[in-house]
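Asker: Please model the complete structure; the sequences and the hints are all you need to start from.
One letter stands for each residue in the lines below.
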Amino acid sequence: MQSNNRSLHFKPERSRRVKTTGDMVLLTMIVRVADSLPLAASMQEDEQSGRDLQRHQSQAKQLCRKLNEQSPARCTLEAGAMAFHYVIEKGVCYLALCEAGFPKKLAFAYLEDLEGEFSEQYGTKVPSVSRPYSFIEFDTYIQKTKKSYIDSRARRNLGSVNSELHDVQRIMVANIEEVLQRGEALSALDSKASNLSSLSKKYRSDAKYLNTRSTYAKVAAGAVIFITLIVYVRFWWL
Amino acid sequence: VPNSYESLEGGGYSGTSLRCSLRHLNARSPFPSLSELSSALGGLGGVSELEAETLRPVNLLQERNILPPKRAPPPEPNLSNDLRKVNCSPDTFRCTLTNIPQTQALLNKARLPLGLLLHPFRDLTQLPVITSNTIVRCRSCRTYINPFVSFLDQRRWKCNLCYRVNDVPDEFMYNPVTRSYGEPHKRPEVQNSTVEFIASSDYMLRPPQPAVYLFLLDVSHNAVESGYLNVFCQSLLDNLEKLPGDTRTHIGFVTFDSTVHFYNLQEGLSQPQMLVVSDIDDVFIPTHDSLLVNLKESKELVKDLLNALPGMFTHTRETQSALGPALQAAYKLMSPTGGRVTVFQTQLPTLGAGLLQSREDPNLRSSTKNVLHLGPATDFYKKLALDCSGQQIGVDLFLLSSQYSDLASLACVSKYSAGSVFYYPSFHHIHNTAQKQKFQKDLQRYLTRKIGFEAVMRIRCTKGLSIHTFHGNFFVRSTDLLSLANVNPDSGFAVQMSIEESLADTSLACFQAALLYTSSKGKRRIRVHTLCLPVVSQLSEVFAGADIQAISCLLANMAIDRSISSSLSDARDALVNAVVDCLTAYRANGSNIQPSGLIAPAALRLFPLYVLALLKQKALRTGTSTRLDERVFSMCELKSQPLQQIMRMVHPDLYRIDNMTEQAALHLNDSVIPQPPLLQLTAEKLTREGAFLLDCGSVMYLWVGKCCNETFIRDVLGFQNYASLPSNMTEIPELQTTYSERTRAFISWLLESRTFLPAFHVVKDDASTKTSFFQHLVEDRTESAFSYYEFLLHIQQQMSK
Chain A
1 MQSNNRSLHF
11 KPERSRRVKT
21 TGDMVLLTMI
31 VRVADSLPLA
41 ASMQEDEQSG
51 RDLQRHQSQA
61 KQLCRKLNEQ
71 SPARCTLEAG
81 AMAFHYVIEK
91 GVCYLALCEA
101 GFPKKLAFAY
111 LEDLEGEFSE
121 QYGTKVPSVS
131 RPYSFIEFDT
141 YIQKTKKSYI
151 DSRARRNLGS
161 VNSELHDVQR
171 IMVANIEEVL
181 QRGEALSALD
191 SKASNLSSLS
201 KKYRSDAKYL
211 NTRSTYAKVA
221 AGAVIFITLI
231 VYVRFWWL
Chain B
1 VPNSYESLEG
11 GGYSGTSLRC
21 SLRHLNARSP
31 FPSLSELSSA
41 LGGLGGVSEL
51 EAETLRPVNL
61 LQERNILPPK
71 RAPPPEPNLS
81 NDLRKVNCSP
91 DTFRCTLTNI
101 PQTQALLNKA
111 RLPLGLLLHP
121 FRDLTQLPVI
131 TSNTIVRCRS
141 CRTYINPFVS
151 FLDQRRWKCN
161 LCYRVNDVPD
171 EFMYNPVTRS
181 YGEPHKRPEV
191 QNSTVEFIAS
201 SDYMLRPPQP
211 AVYLFLLDVS
221 HNAVESGYLN
231 VFCQSLLDNL
241 EKLPGDTRTH
251 IGFVTFDSTV
261 HFYNLQEGLS
271 QPQMLVVSDI
281 DDVFIPTHDS
291 LLVNLKESKE
301 LVKDLLNALP
311 GMFTHTRETQ
321 SALGPALQAA
331 YKLMSPTGGR
341 VTVFQTQLPT
351 LGAGLLQSRE
361 DPNLRSSTKN
371 VLHLGPATDF
381 YKKLALDCSG
391 QQIGVDLFLL
401 SSQYSDLASL
411 ACVSKYSAGS
421 VFYYPSFHHI
431 HNTAQKQKFQ
441 KDLQRYLTRK
451 IGFEAVMRIR
461 CTKGLSIHTF
471 HGNFFVRSTD
481 LLSLANVNPD
491 SGFAVQMSIE
501 ESLADTSLAC
511 FQAALLYTSS
521 KGKRRIRVHT
531 LCLPVVSQLS
541 EVFAGADIQA
551 ISCLLANMAI
561 DRSISSSLSD
571 ARDALVNAVV
581 DCLTAYRANG
591 SNIQPSGLIA
601 PAALRLFPLY
611 VLALLKQKAL
621 RTGTSTRLDE
631 RVFSMCELKS
641 QPLQQIMRMV
651 HPDLYRIDNM
661 TEQAALHLND
671 SVIPQPPLLQ
681 LTAEKLTREG
691 AFLLDCGSVM
701 YLWVGKCCNE
711 TFIRDVLGFQ
721 NYASLPSNMT
731 EIPELQTTYS
741 ERTRAFISWL
751 LESRTFLPAF
761 HVVKDDASTK
771 TSFFQHLVED
781 RTESAFSYYE
791 FLLHIQQQMS
801 K
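Heads up: the sequence lines are chains A and B, in that order.
Note that full-length UniProt numbering numbers the first sequence so that position 123 is 123, with each residue one more than the last.
Note that full-length UniProt numbering numbers the second sequence so that position 328 is 328, with each residue one more than the last.
A hint or two may mislead.
As the list claims (entries may be wrong) - Quick list of in silico lysine-lysine cross-link-like pairs, DSSO-like style, CA-CA up to 27 Å: (1) B:296 with A:146; (2) B:523 with A:125; (3) A:144 with B:706; (4) A:125 with A:90; (5) B:801 with A:90.
Derived from the structure by calculation, the hints contain no laboratory data.
Answerer: This is the structure we're talking about:
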């Protein structure tokens with residue numbers, strides 16, 4: 001190899017290996033709340049975080065389906081060693097999956113940062129799109145922002161952000177399982193209600209049937225009497 | 001990273017309907033309703049005129065002129081006009097038998113292979129794209145709705161593959177083309193047999209990946225010597241803007257000799273930074289996020305690197321090649337996203353994992369006995385390819401070498417990751433200008449062609465038929481799902497089928513190929529092709545519908561599998577037997593045939609010729625000196641090219657072009673394109689007074705006879721006389737004479753629909769290069785192979801045994 005001042009040689013030392021560990025943003029999703037259509041997302045970083053990301057990804061999808069206008073606009077949901085943070089603004093939900101150790105302040109600063117940029121770039125187009133991931137190109141911005149928030153050196157500079165970020169403390173905290181299950185309870189209630197309504201329908205039709213049957217019986221009895229009368233008149237009197 | 005897409009292509013039925021918009025539509029004839037379908041079937045009863053012609057017995061020993069004057073179109077399936085109009089284009093989807101036999105017994109009687117040839121992702125000029133919330137599919141077999149389903153009434157449709165009756169969803173009742181309600185049979189899905197759906201998020205396991213391109217470049221002494229680096233860097237610089245992708249496109253470079261070098265291209269650096277990893281036994285990625293960079297943001301750095309790269313290694317003395325470790329590094333680098341890895345290799349890998357030894361004995365190149373080492377020497381490349389496929393990484397291989405490089409082992413890395421293989425034997429930027437031009441042209445196409453990522457393909461067919469063997473570059477997951485990490489518009493696939501249950505209660509058989517992929521712009525799409533063919537019960541009808549080109553291509557694929565799994569001589573025998581069996585079956589069936597002579601139905605009259613041509617292919621020939629790598633490359637091509645390309649390669653087109661007249665010429669947009677007749681591939685047809693064009697698909701020869709008229713040489717080739725013609729001309733000059741214009745018009749017409757432009761050679765009759773031209777004249781006798789007539793006699797002899 002010729003001497004080249006641009007090249008860095010890596011000796012086979014194990015210690016040289018760079019491993020990104022600790023607090024990370026693993027998943028970022030931007031979803032339209034009205035119909036939970038995904039608008040943009042950021043891919044998971046590397047294989048070491050691939051662990052059970054699949055499970056969390058489907059949790060995130062379920063969560064987005066649960067959200068509606070009544071949902072709290074800012075919320076943190078704990079999910080084991082991970083935590084979901086989300087912000088809903090103008091009908092769009094910004095959701096991030098972070099490791100539980102990742103500072104909440106930072107996570108929300110990150111999400112608000114995304115919100116600002118996204119609504120400026122695509123805000124007006126959001127209601128009209130129908131294709132999933134229509135704004136996938138926003139990924140580039142997400143990646144960049146994410147990097148700046150993860151980088152510890154940059155984090156120190158973010159002190160200024162903290163003052164802008166008012167009362168993070170008041171952000172609601174809940175458990176993901178509970179939230180997902182709350183939906184299940186509701187759907188159970190829903191199914192029970194529909195069960196009830198179908199049962200009452202059945203009752204109604206049964207009642208109708210019985211009614212008709214008794215009417216028939218009455219008519220038949222009358223007819224028998226009448227015929228007997230005719231016969232009696234016909235054969236007795238003539 | 002998710003890789004189990006089977007649940008996606010197989011599943012994903014969304015019930016709700018909201019909106020629907022349509023683009024690029026053309027109103028066609030109304031969908032054939034049930035009554036029309038049955039009238040179409042009525043037409044199948046009698047033998048049509050067309051069929052009578054294809055069944056006309058031909059005595060091959062007597063009739064010499066069996067070649068059609070023009071490239072023969074594929075046989076038309078015997079369907080009603082309405083069905084024929086909506087049927088899938090034969091360029092995309094072809095079946096070896098356009099009349100599907102009713103039972104396996106009937107198929108066995110015909111002794112012809114049953115299979116499909118597909119070119120699913122080919123470039124199309126017109127494609128209806130459908131955006132709709134509900135993609136209508138059969139509930140039990142998941143077939144996409146297509147022009148060959150039948151509507152029982154307004155609200156129900158019957159699947160043409162499994163016959164299940166399904167509901168028509170509300171959304172489907174509205175037709176956005178005519179803006180009318182209640183006409184589901186006029187929707188574009190049922191008016192076109194090739195459509196593309198915009199997939200909903202049910203068809204995604206993760207957000208659509210960006211286009212990611214990684215280039216893996218050999219920079220050993222050998223590579224630098226060949227001068228390919230310069231050509232590549234220049235070509236990529238020229239096409240950087242045209243790489244398919246959007247603002248998310250990522251790019252990266254890795255070079256390797258005895259060590260692996262990475263390039264930090266992080267935005268903000270003043271120049272690219274080279275990182276050298278010398279631990280090739282356990283290669284690692286020096287830094288994670290700056291090696292694959294956003295192309296848009298780091299464009300200047302990428303350009304700097306491409307300008308600097310050719311100069312950086314000019315004085316290298318490194319002769320080793322650590323391809324295996326470099327590939328492992330590429331895998332690690334790409335696995336979070338998936339994408340395309342392009343490998344340029346110029347020699348045998350000699351270091352680290354996956355190192356190979358020379359296995360070729362040059363003395364055995366022309367042996368008539370068995371050819372060894374057609375299979376891989378190690379499973380390293382296959383394993384790596386399967387890992388790559390699992391992470392949605394496709395690996396394309398460009399091999400540019402003059403020495404044996406064991407392509408049989410190296411090609412596995414592309415074969416199982418759905419990549420493509422390119423081979424430039426004895427490439428040199430100065431000494432071999434024809435190869436250099438070909439490499440440049442190929443790169444131009446390669447870098448700018450469409451690409452699909454994280455794709456899967458499934459082929460479904462009518463109940464009763466079953467697909468059992470697949471050919472092409474892919475990995476088969478879960479019996480019938482082809483996993484394609486990358487899909488490109490230039491690769492073809494073939495499948496073999498058998499008839500498991502009798503098709504007696506149906507008159508139509510249908511085949512549907514569905515390809516789910518992510519476009520380079522991050523859109524998830526499903527391309528669906530549907531082919532419909534009639535089912536027949538008579539042996540004569542099966543013969544009448546035989547598509548000889550498709551049969552030859554499928555047989556070629558089967559023969560290559562056989563030569564690797566068993567032996568080359570076995571494969572060659574099997575090919576000959578295929579002809580013998582088929583003609584024997586025809587003779588046994590026909591009653592009115594004279595016993596002497598070799599009789600074939602007109603539809604199959606080219607069968608012996610094509611098989612002979614196959615036996616003389618580089619892939620399958622014996623006796624003629626053939627380098628092992630060239631043989632293996634020819635096999636790769638036969639396995640992965642689309643049908644048209646294979647046919648040109650197997651049986652090239654020969655035209656006399658020095659006396660082309662305007663008689664019967666085509667007139668297209670003010671230009672006159674002469675149409676000389678196709679000539680048989682025999683030296684008999686050549687005359688010293690003429691000039692002949694031989695079109696072999698990836699290479700074209702212009703053979704100029706010794707006494708060729710001087711006007712042609714002057715007006716078309718731009719030289720005074722035959723003697724002053726140079727022996728290494730590689731293009732036709734653009735001269736302002738009618739003669740030249742006419743010739744160039746004809747050649748560019750031939751190239752019109754081709755994606756890779758062929759190399760061009762002008763061959764003088766007395767030049768040493770003429771052997772490469774004459775080896776394509778397959779009807780002639782060589783020292784080791786039959787002439788066409790001898791081959792016919794051989795078949796006749798085999799038949800009488």
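Asker: If a hint holds in the structure, say so; if it doesn't, say that too.
Answerer: Hints versus structure:
1. B:296 with A:146: This hinted pair holds, its Cα atoms lying about 19 Å apart.
2. B:523 with A:125: Answer holds: residue 523 of chain B to residue 125 of chain A is near 17 Å, not above 27 Å.
3. A:144 with B:706: violated (68 Å)
4. A:125 with A:90: holds (12 Å)
5. B:801 with A:90: The given pair, whose Cα atoms are some 84 Å apart, is violated under the 27 Å limit.
Hints 3 and 5 from the earlier list are contradicted by this structure; the remaining hints agree with it.
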